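Visitor: Can you build the whole structure from these sequences, using the hints too?
Here is how the chains run, residue by residue.
There are 2 protein chains.
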Amino acid sequence: MNIVIVGLGVIGGSYAMALKNAGYKKIFGVDSNMETLKKAKELELIKEGYIYGSYIIKKADLIILSIYPKLVKTFIEENRNNFKKGAVITDATGIKELFIKDVLDILPKDVDFIFGHPMAGREKKGIDYASSEVFNGANYLITVIEKNKEENIALVEKIAYNIGFKRVKRITSKYHDEIISFTSQLPHAIAVALINSDKESRDTGSFIGDSYRDLTRIANINEDLWSELFLGNKLNLIKVIDEFSSELEKIKKCLIEDDSEMLKSLFIKSTKRRERL
Amino acid sequence: MNIVIVGLGVIGGSYAMALKNAGYKKIFGVDSNMETLKKAKELELIKEGYIYGSYIIKKADLIILSIYPKLVKTFIEENRNNFKKGAVITDATGIKELFIKDVLDILPKDVDFIFGHPMAGREKKGIDYASSEVFNGANYLITVIEKNKEENIALVEKIAYNIGFKRVKRITSKYHDEIISFTSQLPHAIAVALINSDKESRDTGSFIGDSYRDLTRIANINEDLWSELFLGNKLNLIKVIDEFSSELEKIKKCLIEDDSEMLKSLFIKSTKRRERL
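From first to last, the protein sequence lines stand for chains A and B.
Each residue of the first sequence is one higher than the one before, starting from 1 at the first, in the UniProt record's numbering.
Each residue of the second sequence is one higher than the one before, starting from 1 at the first, in the UniProt record's numbering.
Because the hints were derived from the structure by calculation, they are not lab data.
Mixed in with the good hints, there may be bad ones.
If several chains are the same, the list does not tell them apart, and a pair holds so long as it fits within one copy or across any two.
Unchecked claim - Only pairs whose alpha carbons sit at most 27 Å apart, straight line, appear in this in silico BS3-like list of lysine-lysine: (1) LYS38 x LYS59; (2) LYS125 x LYS252; (3) LYS250 x LYS125; (4) LYS234 x LYS250; (5) LYS166 x LYS199; (6) LYS84 x LYS101; (7) LYS174 x LYS252; (8) LYS272 x LYS70; (9) LYS239 x LYS250; (10) LYS253 x LYS239; (11) LYS199 x LYS174; (12) LYS70 x LYS252; (13) LYS250 x LYS199; (14) LYS73 x LYS234; (15) LYS234 x LYS124; (16) LYS85 x LYS101; (17) LYS239 x LYS252; (18) LYS239 x LYS269; (19) LYS252 x LYS199; (20) LYS70 x LYS253; (21) LYS253 x LYS199; (22) LYS41 x LYS125.
The model shown is predicted, which means the values in this text are computed figures rather than measured ones.
Guide: Here it is, written out as structure tokens:
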């Protein structure tokens with residue numbers, strides 16, 4: 001099976017490493033950056049790398065897209081005449097509703113797109129931060145569409161387990177975007193807002209414990225990728241921001257009213273929920 | 001030097017372990033729970049344990065209070081006639097303004113209270129979760145008051161470094177409570193609000209990555225301790241909640257207005273700040 005990874009950034013590079021470690025041999029890379037291709041080849045992550053994908057896309061049995069959300073549609077458009085009959089395409093995009101319909105409108109009939117979301121990432125971008133470990137024990141989501149063939153879903157699922165994911169879930173794209181706005185985009189919005197609300201030029205680093213460090217880790221964020229993810233899922237994200245804000249207001253109200261009992265009950269609720277996680 | 005630790009919970013127990021590892025020999029414990037004292041003695045963390053402290057307090061050169069904030073004043077009241085002349089008391093309380101004045105009003109003249117705040121903790125309570133590692137590389141704050149003798153500040157400082165703290169800062173209690181509301185209490189409020197804003201009975205655990213896990217870790221919270229810390233520093237905490245909320249509103253505004261450029265500039269700011277940390 002020829003596997004072509006399109007986009008050898010931190011996620012694509014990690015895919016290449018993890019696939020290699022899992023025993024897959026025929027892995028090829030497409031990337032617009034020559035340096036990246038060179039590194040990937042030196043590290044023996046790919047058999048060959050290509051700036052222009054058309055040649056190798058024609059031979060691909062499985063194509064893994066690890067590119068920015070907006071580029072997914074462009075990629076299909078540009079390659080619609082290159083895909084092999086029966087080829088399987090999958091992606092690594094953190095939002096789904098935005099482009100599934102667009103992609104299906106232009107996807108050749110004999111190509112199957114299994115929309116996937118590996119819930120693992122790094123703050124840093126680029127192949128230098130790729131790691132085969134990043135998928136270990138993580139969650140993997142497949143947003144199944146009617147047209148998907150069971151054997152192709154099973155293939156993507158099997159590969160996910162082979163490269164270290166602990167749990168693969170099949171869900172609808174609507175539910176995916178809804179829950180992801182809460183579990184992934186909202187935490188990033190919070191982390192950014194937290195560190196941005198610090199006073200300028202204060203020596204904050206001398207006054208922090210693990211909590212501040214943990215809560216701001218993801219404030220180190222790829223602005224191009226995450227602005228696409230945020231805006232591409234804005235209605236869901238606005239809703240969960242509002243729900244979160246109203247919970248924070250509850251805490252503030254306890255403070256204003258010196259309501260120790262209500263405050264404790266909020267803490268007991270959060271503790272139970274965290275322990276269940 | 002006889003060291004008496006009052007309160008052998010997760011912090012007091014960790015103190016005992018870390019002091020022992022650092023070579024201190026004469027460590028005694030006071031705790032209202034007989035089981036806890038038994039465990040501490042079995043683990044050889046203390047030479048002897050006491051339910052009622054008066055006997056051993058009389059012999060103490062250094063007293064480390066690791067009890068709930070409200071109990072600090074009570075402890076001083078109850079023991080004001082027990083303290084040895086020249087004894088040094090220090091505490092581990094996360095807020096300071098609330099009780100410094102009260103304590104100073106009743107503290108005997110020949111006893112020096114060095115108000116300390118080890119910025120390290122665990123979500124869990126009790127000696128079973130104590131660990132000598134918890135202080136390694138952490139920050140330690142001393143809120144100096146006029147009455148403190150330099151030699152006693154230096155003693156507490158030296159012990160902090162001996163048991164693993166990386167950095168000891170001397171600051172005013174006003175500044176302490178102000179910055180701690182931001183770096184410690186606000187993150188806890190956010191974590192609690194985040195997990196409490198989840199929809200009931202949703203299988204959230206299947207849809208999370210590291211970010212949600214990191215941001216909710218401290219939602220597992222000791223409700224008695226943290227309600228005291230929140231309410232005892234409420235004015236500062238309300239202020240930083242408001243400042244945080246207004247940053248979150250900025251992000252929401254970008255979403256409503258599809259303002260990709262502004263969103264990116266917020267991300268670039270947060271990334272720079274996080275990298276500087």
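Visitor: Return the numbers of the hints above that this structure violates; sort them in rising order.
Guide: none
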